[in-house]
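Peer 1: Here is what each chain is made of, one letter per residue.
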Amino acid sequence: MKKLFLMLVLGPIAIASAQDAAPAASQTRGNSTPAAATDVQELRTAVQSLTETVKALQQQVKDQQTIIEKAHLTGEEAPLPSPEIATATKAGSPPSAPVEPTPFPTADNSVVSSTQSSSPGVDANGAALPGAFPTTDASVVTSAPETMSNTGTGASLTQPITIGGGKNYMNISFDGMFALAYSSARDLNRVEVGDHDPQQRGFNARNIELAFDGAVDPYFEGFANIVFKLDNDNQTEVEVEEVFLQTTNLPFNLQLKGGQFFAAFGRINPTHPHTWDFADDPLVHGLFLGPDGLRGVGGQISWTLPTPWYSQLLLGVQNGRGSTAYSFRNPGDSGVFEGRLTTDREMRGLEDFVWIPRWENSVDLSPTQVILAGVSGAFGSNDTGTNTRTQIYGGDFLYKWKSAHAEGGFPFVKWQTEVMYRRFEAGLGMDDSFPVAETFHDWGMYSQVLWGFKKGWVAGVRGDYVDMQDSKFTDDPDRQSRSRVSADLTWYPTEFSKIRLQYNHDFIDDSFFLAGRDVDSVFLQFEFILGAHGAHKF
Amino acid sequence: MKKFLLILSVIFSCALSSQAKLNVVATLPDFGSLAREVGGDKVEVMVLAKPTEDPHFVDARPSFVVQLRTADVLIEGGAELEIGWLPPLLQNARNPKIEAGKPGRVIAAEGLRLMNVPANATRAAGDVHALGNPHFMTDPIIAKAVAQHIAQAFSAIDPANAAVYEANNKKFEATINAKLQEWGAAMLPFKGQNVVAYHDSWVYFAHRFGLNIDVFLEPKPGIPPSPSHLVEVIAQVKARKIKAIIIEPFHDRKIAEKVASATGAKVVDFAQFPGGMAGTDSYVKLMDTLVSRLAAALK
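So the protein lines, in turn, are chains A and B.
Quick note, the first sequence lines up with residues 433 to 970 if you use my numbering.
Quick note, the second sequence lines up with residues 28 to 326 if you use my numbering.
Treat the hints as calculated values from the structure; they're not laboratory data.
A hint or two may mislead.
Taking lysine-lysine and the DSS-like style, the derived pairs with C-alpha atoms no more than 25 Å apart in a straight line are [unchecked claim]:
#1 B:Lys218 / A:Lys930
#2 A:Lys969 / A:Lys930
#3 B:Lys247 / A:Lys487
Label-pair ranges, simulated between beta-carbon atoms [stated by the list, open to error]:
#4 A:Phe635 / B:Pro254: 30 to 40 Å
#5 A:Thr485 / B:Asn143: 40 to 50 Å
#6 A:Asp899 / B:Asn143: 52 to 62 Å
#7 A:Ile733 / B:Val258: 39 to 49 Å
#8 A:Leu489 / B:Arg267: 26 to 36 Å
#9 B:Ala305 / A:Ile803: 40 to 50 Å
Using N, Cα and C, we set each Cβ at its ideal position, and we do this for glycine too.
From just these sequences and the hints, can you work out the full model?
Peer 2: Written out as structure tokens, the structure is:
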């Protein structure tokens, strides 16, 4: 039976070679009957000899493979117990073959680069370390260390920048954010307070952003965010939103930052709109720190305190001039702010800068719960008089729970609240042209809860309130007290895209000059990100 | 008075000895386990991510900054594994000892030849890693190389204890070499068998033990399973008579159970990280559990 099986398997080969090997045998067939006993006998012997040949060849191949592998493994002088060689030829041998106990391989030069001595590592001073783990080995290593660290030692500007694969001196990313808006108000641009919020019924493209970052050299990191936006007449505006460098290795846990940057005031202000949890800016942020947020050219020093919990002190200073220093030396639209013709003067001294101190603290309540709380201030002059001052104080609080079994960062619950108080001295305007000087005490807050209930899905609610001190002397619509409730649902197909549906109901209170009204708005926001994977700050 | 002095000296010596220990921060629990094997009682190891959470999406919580601020050594996977959360932590930590290029910064992927390096990095293929698949620690041979890398970093920073680190590393290496025989023998009967996974994080484990873990519940890396894709998976499981579906603690087990009930395959709880399953507080115990669970399911 076994023989028959063998004959069937080897039949075609055997017949072909039997005819070559034994022409005499085929001649003797002549006219005799096809299945003569002698023929069968000859065939059988031929098959047997062939089987033996095949077996011998198999053995040869096996031996050769073993030798080759032995050569491979001994070539890398791995510190292994002596009989470390194993072969993968088991699969090729027939199931009936005797199974010898071969040791499982404990080394594999296809995944691990060769050990020691071949290429030594370097220490902090660039000197070779004896016996250090090799971090470069052109023959086996797919990515050399310097390509991952991004520090441009030996960097050449002429080399191409490729994104992905880590071979880049800077990360480039591109973000496009759009919104389709409906509102019961025709003046959506007055109802919405942020410059990147939807500004008109229909389609809006208010935040198209190019971002660059990377290590400048071993001492600095550089960041840049250039924003393009289309106004309601589809004209393109360009904003140098942030461009700054910061130190990487100052002693005593200090860090310096310089350039154009968002002031570290509260939670919303230092972040870019595409990281926000709603399609628009909270009222208090837009009305106190400005439609573009508080940002400007300046410097900042920060110090991480040597406490067992996270505690950081920051002090920023910025020019505080222009519309991105909204409550400060802001000339206003057409030279008018809070009803006054603004002075728009040159800086006189340190008091004309905006000074922005902040202290933030964070503790882990449990392995899944974190709170972060901070207090901020912004102090400077404003342009509504010759010697008028503004002070803004803020407090912020964040609570986050994230499941210990989180997939893609879900599920989570995040509660964020910010409160601000603004004291604004509105002066007599340019050349004392305004009849009265008055001091406004305004305050406002927002609180929002986000629930990431399923991977990629987040539901949120937000409440906004701003109390503006009423004035008999200015009809500025921004001085109306107001509140808002919002709800949204966001779907992140991946971390590089999102689609968000948001509903807002605004209550705008009447003021001395203006009537109150209610506004309903719906936004459909969509966003995509190309390029470098932006890391998420907490 | 004598007692007081004694207490004082105890406190003082405790303070001294705790100061003498190397402060090691590992981004993920597998690196933490290796650091403990290599460092023994000469190091204090802190692990940032939890063993049960998705290593790509860890919150960059401020308390991590506190740990990184005082670290002598940082062990990270590299190859974009922690790219979503480690960079802002390091910016805030301002610790020159663990800067890139310093001996205190151990990037485990360096010196390894990673698998699945895409020829063309396009996100149309899902969440691909341009530098290759970074879930390499489930290959024990790679773990040995990483342990050696860690030992060399420890020795460079703390030369006084270099002999200890080298000895511990050798011990770990010997343990893995011996264990590999065990694990290899346990997996040998299942060579070439197919296994379903939720996410493509088992390519190194499969490669080492001759399995084919190449059917995924996710249609593409990072993309949640769709009903139409699951129909396809069920058909494949039936056609190829696949016996096991491995699932990690942070994935939706219900989806795997659905496929299992439609096909008769078994759902096997798997974890990449020590501590991700009960009784797996060290790397070797984790591998023991993985091998025995899978072998039991494939039988």
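Peer 1: So does Thr485 of chain A sit 40 to 50 Å from Asn143 of chain B, Cβ to Cβ?
Peer 2: 42 Å, holds
Peer 1: So the hint says 40 to 50 Å: do the beta-carbon atoms of Ala305 of chain B and Ile803 of chain A match that?
Peer 2: Violated, since Ala305 of chain B and Ile803 of chain A (Cβ atoms, about 30 Å apart) do not stay within the stated range.
Peer 1: Is the straight-line distance between the alpha-carbon of Lys247 of chain B and that of Lys487 of chain A 25 Å or less?
Peer 2: 46 Å, violated
Peer 1: Quick check on a hinted range of 26 to 36 Å for Leu489 of chain A and Arg267 of chain B, using CB atoms only.
Peer 2: Given a distance of about 33 Å, which is inside 26 to 36 Å, the answer is holds.
Peer 1: Checking one constraint from the list: CA of Lys969 of chain A to CA of Lys930 of chain A, max 25 Å. Satisfied?
Peer 2: 18 Å, holds
Peer 1: Okay, Asp899 of chain A versus Asn143 of chain B on CB: inside 52 to 62 Å?
Peer 2: With a Cβ separation near 57 Å, Asp899 of chain A and Asn143 of chain B satisfy 52 to 62 Å, so the hint holds.
Peer 1: Does the Cβ-Cβ separation between Phe635 of chain A and Pro254 of chain B fall within 30 to 40 Å?
Peer 2: Check passed, 33 Å falls within 30 to 40 Å.
Peer 1: Within 39 to 49 Å: is that where the Cβ-Cβ distance between Ile733 of chain A and Val258 of chain B falls?
Peer 2: 59 Å, violated
Peer 1: Hinted pair, alpha-carbon criterion (25 Å max): Lys218 of chain B, Lys930 of chain A. Please report holds or violated.
Peer 2: This hinted pair is violated, its Cα atoms lying about 43 Å apart.
The structure is inconsistent with the numbered hints 1, 3, 7 and 9, although it conforms to all the rest.
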